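K.L.:
Sequence:
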Amino acid sequence: DLIQLNKLAVTYCGILEISELTDKLSQFHLFVSPTLGENFGHSILESLNASTPVLISDKTPWRNLEEESIGFDLPLNNKEVWLEKLNLIFSMSNEVYQLWRKGAWQRAQTQLNQIELKEKYIQLFS
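Last residue of the sequence shown: 214 in the numbering used here, with the numbers rising by one and none dropped.
There may be inaccurate statements among the hints.
[Unchecked claim] With a straight-line cut-off of 27 Å between C-alpha atoms, the simulated BS3-like cross-links for lysine-lysine are:
#1 K173 with K190
#2 K206 with K147
#3 K190 with K112
#4 K206 with K190
#5 K112 with K147
#6 K206 with K173
#7 K147 with K173
#8 K112 with K173
#9 K167 with K147
No lab work stands behind these hints, which were simulated from the structure alone.
All values derive from a computational prediction rather than experimental measurement.
Could you put together the complete structure from these sequences and hints?
P.N.:
What follows is the structure, encoded as C-alpha cells:
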C-alpha cells in the first residue's frame, strides 16, 4: 500500500520476519512512530540499529534525539512541528543525512552495550 502525502510516500511492508528487520529498516529514510506511549520502545532501538533516524512522539523514554542528530521526539498535539521536522529531514543534504545515520547506529550500539552489560551483571549475581 502506498500513500502519497505531498511529496512524501509511506509504504506498509506487512509482517516481517525478525531476520529481515534490520535490512528492511536500513532501506528507509526515516522511521515514524507517533506512539501514545512506550515503556522502552524496542522498535525505536531496532530502527537506530539499522542506521535509520526516527521521528517519534515524546511519550517514550527516547528523548533529546535532535540534540544527538538521530531523530526527533515530538508532542503528538502539534501537527505543524511534525511537518516541520519531516521537511527538515527530507531537505537535508546527503552529507548531513549520512551523519544522522551514523549517529543513529552509534546510539544503538551504546544502548545495546548497556543492555549486554546489565545481562552480564544479572548472570554474575544470580
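K.L.:
Does each hint fit the structure? Answer for all of them.
P.N.:
Verification of the supplied hints:
Annotation: proposed proximity of K173 to K190 holds, straight-line Cα distance about 19 Å (limit 27 Å). This hinted pair checks out: K206 and K147 have alpha carbons roughly 24 Å apart, not beyond 27 Å. Simply put, K190 and K112 have alpha-carbon atoms about 17 Å apart, close enough for the 27 Å limit, and the pair holds. Only pairs whose Cα atoms come within 27 Å are accepted, and K206 paired with K190 is accepted, the gap being roughly 25 Å.
For the given pair, K112 sits about 25 Å from K147 by alpha-carbon distance, which is consistent with the 27 Å threshold. Between the alpha carbons of K206 and K173 the distance comes to roughly 34 Å, so the proposed pair goes past 27 Å and is violated. Taking the CA atoms of K147 and K173, the gap is near 17 Å; set against the 27 Å cutoff, the hint holds. Simply put, K112 and K173 have alpha-carbon atoms about 23 Å apart, close enough for the 27 Å limit, and the pair holds.
Straight-line distance between C-alpha atoms of K167 and K147 comes to about 15 Å, which keeps the hinted pair within the 27 Å bound.
The earlier numbered hint that this structure contradicts is number 6, and it is the only one.
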